[in-house]
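> Protein chains in written order, with my numbering: chain L, 9 to 421; chain X, 9 to 421.
No lab work stands behind these hints, which were simulated from the structure alone. Hints are not guaranteed to be accurate.
Identical copies look the same in the list; a pair holds intra-copy or inter-copy alike.
Taking lysine-lysine pairs in the DSS-like style, the calculated list, with each CA pair at most 30 Å apart, reads [stated by the list, open to error]:
1. K124 / K331
2. K372 / K220
3. K220 / K268
4. K255 / K240
5. K316 / K326
6. K124 / K250
7. K386 / K331
8. K316 / K268
9. K220 / K247
Listed below, chain by chain, are the residues.
There are 2 protein chains.
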Amino acid sequence: MVVEFIFVGTELLLGNIVNTNAAYLSEKCAGLGLSCYYQTVVGDNESRLTGILQTAMDRSDIVILSGGLGPTEDDLTKEVAAKVCGKALYMHEPSRKALESYFAERGIELTDNNWKQAMMPEGAIVLENRNGTAPGAIIETDRAKVILLPGPPGELYAMFEESAVPYLTGLTKEVIFSQTVKLCGVGESKAETVVKDLIDAQTNPTLATYAKIGEVHIRVTAKADNEKNAGKLVAPVVKELKHRFGKAVYTTEEDTTLEKAVVELLASGGLTVTCAESCTGGLLSGRLINVSGASDVYKAGFVTYSDKAKHRLLGVKKSTLKKHGAVSSRTAREMAQGAAREAEADAAVSVTGIAGPGGGTQEKPVGLVYIGCSVRGKVTVKKYQFSGSRSKIRESAVAAALTLLRKCVIEAS
Amino acid sequence: MVVEFIFVGTELLLGNIVNTNAAYLSEKCAGLGLSCYYQTVVGDNESRLTGILQTAMDRSDIVILSGGLGPTEDDLTKEVAAKVCGKALYMHEPSRKALESYFAERGIELTDNNWKQAMMPEGAIVLENRNGTAPGAIIETDRAKVILLPGPPGELYAMFEESAVPYLTGLTKEVIFSQTVKLCGVGESKAETVVKDLIDAQTNPTLATYAKIGEVHIRVTAKADNEKNAGKLVAPVVKELKHRFGKAVYTTEEDTTLEKAVVELLASGGLTVTCAESCTGGLLSGRLINVSGASDVYKAGFVTYSDKAKHRLLGVKKSTLKKHGAVSSRTAREMAQGAAREAEADAAVSVTGIAGPGGGTQEKPVGLVYIGCSVRGKVTVKKYQFSGSRSKIRESAVAAALTLLRKCVIEAS
Chain L
9 MVVEFIFVGT
19 ELLLGNIVNT
29 NAAYLSEKCA
39 GLGLSCYYQT
49 VVGDNESRLT
59 GILQTAMDRS
69 DIVILSGGLG
79 PTEDDLTKEV
89 AAKVCGKALY
99 MHEPSRKALE
109 SYFAERGIEL
119 TDNNWKQAMM
129 PEGAIVLENR
139 NGTAPGAIIE
149 TDRAKVILLP
159 GPPGELYAMF
169 EESAVPYLTG
179 LTKEVIFSQT
189 VKLCGVGESK
199 AETVVKDLID
209 AQTNPTLATY
219 AKIGEVHIRV
229 TAKADNEKNA
239 GKLVAPVVKE
249 LKHRFGKAVY
259 TTEEDTTLEK
269 AVVELLASGG
279 LTVTCAESCT
289 GGLLSGRLIN
299 VSGASDVYKA
309 GFVTYSDKAK
319 HRLLGVKKST
329 LKKHGAVSSR
339 TAREMAQGAA
349 REAEADAAVS
359 VTGIAGPGGG
369 TQEKPVGLVY
379 IGCSVRGKVT
389 VKKYQFSGSR
399 SKIRESAVAA
409 ALTLLRKCVI
419 EAS
Chain X
9 MVVEFIFVGT
19 ELLLGNIVNT
29 NAAYLSEKCA
39 GLGLSCYYQT
49 VVGDNESRLT
59 GILQTAMDRS
69 DIVILSGGLG
79 PTEDDLTKEV
89 AAKVCGKALY
99 MHEPSRKALE
109 SYFAERGIEL
119 TDNNWKQAMM
129 PEGAIVLENR
139 NGTAPGAIIE
149 TDRAKVILLP
159 GPPGELYAMF
169 EESAVPYLTG
179 LTKEVIFSQT
189 VKLCGVGESK
199 AETVVKDLID
209 AQTNPTLATY
219 AKIGEVHIRV
229 TAKADNEKNA
239 GKLVAPVVKE
249 LKHRFGKAVY
259 TTEEDTTLEK
269 AVVELLASGG
279 LTVTCAESCT
289 GGLLSGRLIN
299 VSGASDVYKA
309 GFVTYSDKAK
319 HRLLGVKKST
329 LKKHGAVSSR
339 TAREMAQGAA
349 REAEADAAVS
359 VTGIAGPGGG
369 TQEKPVGLVY
379 IGCSVRGKVT
389 VKKYQFSGSR
399 SKIRESAVAA
409 ALTLLRKCVI
419 EAS
């Protein structure tokens with residue numbers, strides 16, 4: 009089956025935002041075995057959107073629209089889609105009530121324009137929005153199935169996973185099954201070299217590599233008449249990848265992130281952890297604590313951005329800071345040791361580096377980061393040289409810190 | 009004049025890469041006063057690309073294609089464009105020589121398929137590629153001007169700036185100028201209501217609202233014969249928006265984020281700041297420290313996820329935790345006070361709440377967050393009820409904390 013995407017929003021045409029929804033939906037739909045030949049971005053304009061939607065419905069089986077479901081006058085995707093599909097709009101009571109309680113809970117005054125979000129095309133399947141106010145919808149016509157999703161990524165992702173995926177899976181006879189082997193501490197080109205023979209020989213299952221910051225994901229996808237048979241095709245390839253990459257594989261579970269794998273690893277070993285962050289300034293703790301249940305292993309952490317804070321909160325020696333500087337192997341070591349001591353934690357990770365854009369020197373350039381890791385008193389320090397913008401460097405440092413922590417915990421157990 | 013983009017590449021349809029070229033070209037062309045109504049992504053497929061290019065040439069004055077200029081068999085953008093424009097391809101000698109020396113300099117063997125990159129449509133303006141091997145081209149026809157650019161961002165950006173911008177500037181007489189009024193602490197539908205009369209009456213300049221987590225941006229855009237005159241049209245509307253929204257306007261600068269505005273506000277008042285985070289677990293500090301130069305105001309911060317950490321690191325009373333619980337107004341107050349004291353900071357923000365998905369009760373549901381703010385000893389605590397996923401709740405809390413900190417600092421000064 010052929011799917012096509014229409015992204016609605018003048019902010020996309022003006023370049024105010026990057027269309028990350030396009031990559032998300034493309035990857036997900038490819039994973040479901042749907043072919044995609046066209047994607048269009050169009051503004052919040054009735055006649056142009058009408059034309060694009062008609063063309064899409066003529067050439068594709070499924071048309072997914074994203075954006076333009078909100079309460080403002082600009083938002084007209086639902087109105088246009090209903091008109092093109094020949095459906096009237098009616099007040100959908102459950103959505104109206106959901107809207108009412110959403111605003112009541114927050115004690116926010118509900119302005120008149122909000123009600124239009126609860127208007128739905130006749131006969132449409134209404135998709136609940138758990139992360140926002142605008143529900144989505146599926147309109148089924150003889151020409152095509154039209155799926156309306158919200159524009160904000162947080163709302164779109166959840167609604168797609170929860171409502172659109174089950175619907176789309178029901179439309180196709182062939183079952184697609186995929187499993188992702190997630191690696192940390194291995195570069196993309198290295199990973200590609202290791203699996204080149206498998207990629208060259210692939211037919212069913214297929215392999216694809218995706219580079220993330222500090223991670224590489226290898227997706228193994230098979231088609232079959234049912235999930236069990238597709239799974240049987242995927243299993244030996246996943247086993248082979250685990251064999252080739254060894255401990256660099258941190259999970260093969262779809263919903264396990266690197267931080268979740270690390271939290272689970274710590275919990276299984278009965279270890280608590282703390283972080284002492286300078287250039288990453290809380291992002292590492294932030295990622296660990298985003299894991300539901302992180303409270304079992306994470307109790308306390310420190311953001312020590314100034315030299316004084318490193319000394320006062322973590323006990324980094326003044327002489328160390330003076331002799332080696334804040335960005336040094338020695339400081340990273342003392343930060344990790346001090347954090348473990350002050351937080352009474354079994355493990356501690358420290359990050360100190362130069363995130364830029366200023367502050368670099370010939371000797372200590374922007375992107376230089378030291379990461380320290382203490383596990384039950386044994387301290388490891390590693391030096392890294394990252395590149396890119398300030399935020400890219402900080403994110404790379406966070407991924408490297410999680411990877412080093414994982415490695416040290418595995419080695420200590 | 010109307011411009012349209014066509015992005016060619018199966019990797020975009022599969023979601024392997026995010027289309028950052030789209031945002032780049034959109035923003036640049038808007039800045040040149042060109043209107044853009046459509047953008048299409050299509051794969052490396054001759055018949056589909058032919059159809060899309062013909063449609064684009066019928067409805068737009070300028071069509072910019074990106075991708076598919078390389079040496080492989082998949083790369084067929086130039087061939088298709090030449091055919092649609094009725095131009096034959098010929099070997100362009102300067103490009104052939106450039107290709108030869110590019111490979112010679114790098115000591116790489118030049119494979120046969122590489123020569124096709126030097127084939128150019130008859131009569132086309134050839135655009136040199138300083139960062140790669142595939143030159144670009146401009147084909148002028150009676151229907152439209154067709155501009156071929158490479159796909160890799162580094163090559164596209166340089167070629168666009170150096171060759172396409174001067175060409176496009178020569179075509180247009182109009183200039184576009186826009187300014188964004190950024191608000192915090194105001195909901196989107198509330199903001200929309202406040203500016204409804206301006207939006208209804210808009211012609212030149214136009215207004216558009218964009219919702220972000222915890223923020224609303226209002227973009228004012230005008231067209232005129234030169235930038236100065238466009239600026240004159242924008243200025244009174246921006247002034248009116250500032251008047252209507254008052255202190256909710258945190259900036260009108262394009263590159264100022266909420267955290268940057270807060271850091272600048274603190275720096276201008278000579279204030280230092282610290283954070284004590286529970287459910288946001290470092291994200292608030294992380295956002296502040298992402299501001300280059302944050303070290304002037306931010307020295308140290310605390311992640312106190314457990315009750316024990318709140319007591320030990322911040323001095324929150326055991327009796328407070330026992331009587332009111334960790335998620336309470338009283339705990340938020342003592343966290344802010346303790347953080348200010350321990351970090352010796354002038355201002356402190358504390359966040360304590362239930363990010364979910366577990367841990368909620370009837371009395372204290374998921375999404376309940378207390379934020380405390382201490383500025384020179386004066387403490388304010390506010391209660392919030394957020395919704396959505398764990399990470400959405402945490403991001404909403406961070407935005408609310410920055411907003412409350414800004415408000416308290418303004419009131420204290």
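> Checking against the hints above, which ones are violated?
Checked against the structure, the only hint that fails is number 1, while the rest are satisfied.
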